[in-house]
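Colleague: Protein chains in written order, with our numbering: chain C, 17 to 451; chain W, 7 to 467.
The hints are simulated quantities; they were obtained by calculation from the structure and are not laboratory data. A few of these clues could be false.
Beta-carbon label-pair distances, calculated as ranges [said to hold, decoys possible]:
#, chain 1, residue 1, chain 2, residue 2, range
1, C, Asn137, W, Val466, 48 to 58 Å
2, C, Met264, W, Val214, 27 to 37 Å
3, C, Ala134, W, Val214, 33 to 43 Å
4, W, Asn416, C, Ser358, 35 to 45 Å
5, W, Pro55, C, Thr69, 22 to 32 Å
6, W, Pro55, C, Phe44, 20 to 30 Å
7, W, Gly227, C, Pro28, 17 to 27 Å
8, W, His294, C, Met264, 53 to 63 Å
9, C, Lys316, W, His467, 41 to 51 Å
Where is the CB? At the ideal position from N, CA and C, for every residue including glycine.
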Amino acid sequence: MAATKGLAEQLPPLSPQEALVEANRCLFCYDAPCTHACPTHIDIPRFIKKISTDNLIGSARTILEANLLGATCARVCPVQELCEGACVLGHDHNPIMIGRLQRYAMDHVSGKDVVKRAPQNGRSVAVIGSGPAGLSCAGELARRGHSVTIFEKRPLGGGLSTYGIIALREPIEASLEEVRMIESLGVHIETGAELGLNLTLEDLRKRFDAIFLSPGLGATQVMGIPGEELIVDGLDYIEQSKLNPSGMCIGRNVLVIGAGNTAIDCATVAKRLGADQVTMIYRRSEHEMSAYPHEYDFVKKEGVEFRFLTQPVRVLSDGGRVTGLACVHMELGEPDSSGRRSAQPAGNGEFVIPADQIVKAVGQQKPPLAQMLGLEVDRGFIKVNTDLETSLTGVFAGGDCIRAKNSASTVMAVQDGKLAAAAIHLRLNTGNTNG
Amino acid sequence: MADLSINFAGIRSPNPFWLASAPPANSGAQIHRAFEAGWGGAVWKTIGPPVLNVSNRYGAWHHGGQRMLGINNVELISDRPLDVNLREIADVKRAWPDRAVLVSAMVESKPESWHDIIRQIEDTGADGIELNYGCPHGMSERGMGAAVGQVPEYCEQITRWVMEAAHIPVIVKLTPNITNIVSPARAAVAAGANALSLINTLNSITGVDLDTLEISPNIGGKGGHGGYAGPAVKPIALNMLAALGSDDVVHGSRLPISAMGGITTWKDAAEFLLLGASSLQVCTAVMHYGYRIVEDLCDGLSNWMDAKGFRTIPEVTARSLGRISDFKDLDLSFRAVARIDSRKCIQCNLCYVACNDTAHQCIDLIDAKGNLVQPYSYAVSSNGKQEATETRPNPRVREVDCVGCRLCYNICPVDQCISMVEVPSGREPVTWDQLVKSRPEVTEDWEAMEKYRREAGIHVH
Numbered sequence: 017m018a019a020t021k022g023l024a025e026q027l028p029p030l031s032p033q034e035a036l037v038e039a040n041r042c043l044f045c046y047d048a049p050c051t052h053a054c055p056t057h058i059d060i061p062r063f064i065k066k067i068s069t070d071n072l073i074g075s076a077r078t079i080l081e082a083n084l085l086g087a088t089c090a091r092v093c094p095v096q097e098l099c100e101g102a103c104v105l106g107h108d109h110n111p112i113m114i115g116r117l118q119r120y121a122m123d124h125v126s127g128k129d130v131v132k133r134a135p136q137n138g139r140s141v142a143v144i145g146s147g148p149a150g151l152s153c154a155g156e157l158a159r160r161g162h163s164v165t166i167f168e169k170r171p172l173g174g175g176l177s178t179y180g181i182i183a184l185r186e187p188i189e190a191s192l193e194e195v196r197m198i199e200s201l202g203v204h205i206e207t208g209a210e211l212g213l214n215l216t217l218e219d220l221r222k223r224f225d226a227i228f229l230s231p232g233l234g235a236t237q238v239m240g241i242p243g244e245e246l247i248v249d250g251l252d253y254i255e256q257s258k259l260n261p262s263g264m265c266i267g268r269n270v271l272v273i274g275a276g277n278t279a280i281d282c283a284t285v286a287k288r289l290g291a292d293q294v295t296m297i298y299r300r301s302e303h304e305m306s307a308y309p310h311e312y313d314f315v316k317k318e319g320v321e322f323r324f325l326t327q328p329v330r331v332l333s334d335g336g337r338v339t340g341l342a343c344v345h346m347e348l349g350e351p352d353s354s355g356r357r358s359a360q361p362a363g364n365g366e367f368v369i370p371a372d373q374i375v376k377a378v379g380q381q382k383p384p385l386a387q388m389l390g391l392e393v394d395r396g397f398i399k400v401n402t403d404l405e406t407s408l409t410g411v412f413a414g415g416d417c418i419r420a421k422n423s424a425s426t427v428m429a430v431q432d433g434k435l436a437a438a439a440i441h442l443r444l445n446t447g448n449t450n451g
Numbered sequence: 007m008a009d010l011s012i013n014f015a016g017i018r019s020p021n022p023f024w025l026a027s028a029p030p031a032n033s034g035a036q037i038h039r040a041f042e043a044g045w046g047g048a049v050w051k052t053i054g055p056p057v058l059n060v061s062n063r064y065g066a067w068h069h070g071g072q073r074m075l076g077i078n079n080v081e082l083i084s085d086r087p088l089d090v091n092l093r094e095i096a097d098v099k100r101a102w103p104d105r106a107v108l109v110s111a112m113v114e115s116k117p118e119s120w121h122d123i124i125r126q127i128e129d130t131g132a133d134g135i136e137l138n139y140g141c142p143h144g145m146s147e148r149g150m151g152a153a154v155g156q157v158p159e160y161c162e163q164i165t166r167w168v169m170e171a172a173h174i175p176v177i178v179k180l181t182p183n184i185t186n187i188v189s190p191a192r193a194a195v196a197a198g199a200n201a202l203s204l205i206n207t208l209n210s211i212t213g214v215d216l217d218t219l220e221i222s223p224n225i226g227g228k229g230g231h232g233g234y235a236g237p238a239v240k241p242i243a244l245n246m247l248a249a250l251g252s253d254d255v256v257h258g259s260r261l262p263i264s265a266m267g268g269i270t271t272w273k274d275a276a277e278f279l280l281l282g283a284s285s286l287q288v289c290t291a292v293m294h295y296g297y298r299i300v301e302d303l304c305d306g307l308s309n310w311m312d313a314k315g316f317r318t319i320p321e322v323t324a325r326s327l328g329r330i331s332d333f334k335d336l337d338l339s340f341r342a343v344a345r346i347d348s349r350k351c352i353q354c355n356l357c358y359v360a361c362n363d364t365a366h367q368c369i370d371l372i373d374a375k376g377n378l379v380q381p382y383s384y385a386v387s388s389n390g391k392q393e394a395t396e397t398r399p400n401p402r403v404r405e406v407d408c409v410g411c412r413l414c415y416n417i418c419p420v421d422q423c424i425s426m427v428e429v430p431s432g433r434e435p436v437t438w439d440q441l442v443k444s445r446p447e448v449t450e451d452w453e454a455m456e457k458y459r460r461e462a463g464i465h466v467h
């Protein structure tokens, strides 16, 4: 049954009538908590009131003033933890559907270029990576008249929005439209360009007045268990589900290792694209999961099962085909450096979970660029000051690559890009460039 | 259980709710259904000379997602032939002897025209006649409706002609499109009318279409003023009703008043009764929701009367009228201040901005540690529901500076979160009228006023 649902966008757009009724429900709070809770501090009551007065262009511009990736954020933000979670109507009513109203306003201006750029000011900035942080920074700089080139190693722009957010939440078209909108501001995107492969930092520092690094994180971490080469990489799994869902190989009995939001997405893909049984394997308990509670609830309703306190030790295979995963039972111990209780083997031997496909989503490696460029790091992430400037003067960074604390998210990356752009703009305008 | 029946100028009705003379009371078939639904009476849509109607006829004012808070119309009096109306009136009255069947009429301003129509109405067996002196569009251009109601002398003259011929109770319906509603009411009293009713509709233009730039509603590229009614006019109607009750001549005549103007719920109905109405007429709410609303009008009113210990409608009528006062007789020493119930407050902080931008800047924002904070004082790096909700300041009234304007109370979206609390002012009661008499200089000279304020301990921010 679930298989027939596919990966079509989960929430339909609001109809004009639904949007109007919902917009009119907003109280128009003063110094509103939803705006505070939003990492980009979108003036939410203002954009909602503009929906209620039939001023949709004004509404979209209000969003874009604070967040150029308003269309993506409307779809992928964990609104329960942010704006909607802070809505004053949440006390004893339902909070306003802020995310869906934002999408309503942003859909209205899709394909229309409502953000204007300033005349070129002769300064140039290079941006590494076209994910949310890179696009946000590039767009904010272009708006202020800077000439911006984004260097993107992949064939398509958009980073995680294009490749890593399951279509259920954001179809690839929405991400690519956002990339196009940023390009319409005069931003040039050079694809197939990768720092360390066909680009050097030295060269970029000569050609550009400032640099913004937003490369994201590295590959999925290595678990170091026998047979790991037979395990499918979760990020690849999601990428294929977006680029070529009909050509994907989906097992009948799929195990997903990990319990973060990416693991949940992998389990959702497997379930929606035809797996009979999907089980998530996590070495700690449900209290230590890093997935958002609403994501956990969602995937349980999809029919995904969970094996907690279970640690994979070996992939079982027959002639190169996965047949199962050998695991051991775990028990919880003292909190580790992340503050979550650690897990240790319970010491009662191995057991086997049969499977014909195993997917791992156990977190990504720290940004490899940090080491390659010799940047100072904080717990492996690129270290930046309050201006988001790295240890190299004139080289700024943002997005997942700097997120040493707290969970990474698209909207945090967008805010990084915005703050870095403001700092770069100030720096270039005061003439103190590149040290 | 309360007795809702009324005897209005001799017209009996099982409850005080009558359909007003308007589209819901346009035909016998409609009024049959209304009576089946429980309406106590109906004032037949105005009968009179031949007319032709236009389309579109109804405009509406919507606000905040709520439809038709006000309706405007350019529909004329009944466009059905007079004999058809008269026949159906007779049929309805025969079928419903316990209900009040009244007929609204409007004819040319000639004694014989009025005498004829009165005779024809009485021949139907109807219980009463309402004189339509209020229709503000179309008919007024032909010298009828508001063209009569706006000139007290015409009002009196025509009412006299009617009273010469009438044997059943005659109600004069007043137009609100006049500077002082008391003048035509006194004219009706002088002419010997049996009762008054108010208000008819107000002159209005509901809007302009922002795509076509046409007047809304559009009548072949044109539009014009129409009669305005519905929930939006209720406060105007209440004021005019109270004005009649406060006038010595009108009040002294003891003519009963049938009131209307935006009555939508039993609460509205109770308020009209309290300010002097003895019967109630409803139109817009029926146009919006149908005849079925009468059930809750009766049920809610009855339950409220039971809770308050009122047994009959006459016990309710005019109960609050004595509290209507001119400004000059209000106690200047009465003091109320706003108090916010922090347990009910949802921290929308609308009270803060209302007080700060409009009123007297006496609501502060206080953080969890009790410190005074400014709005928007969180760091740009602060986000997430936890930080946003846990650090959100609470609004608090500085009572010493609160003038009791009641703006915050009015805008607070949470029921009973803000209350206006009476506090001792420490001053002897005094009215402006008393000041004019005892200390006239205070009312004429700013220096004297300042001196008086210092003496009395009045601090104006």
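Colleague: Name the hints, by number, that the structure is in violation of.
Modeller: 2, 4, 5, 6, 7 and 9
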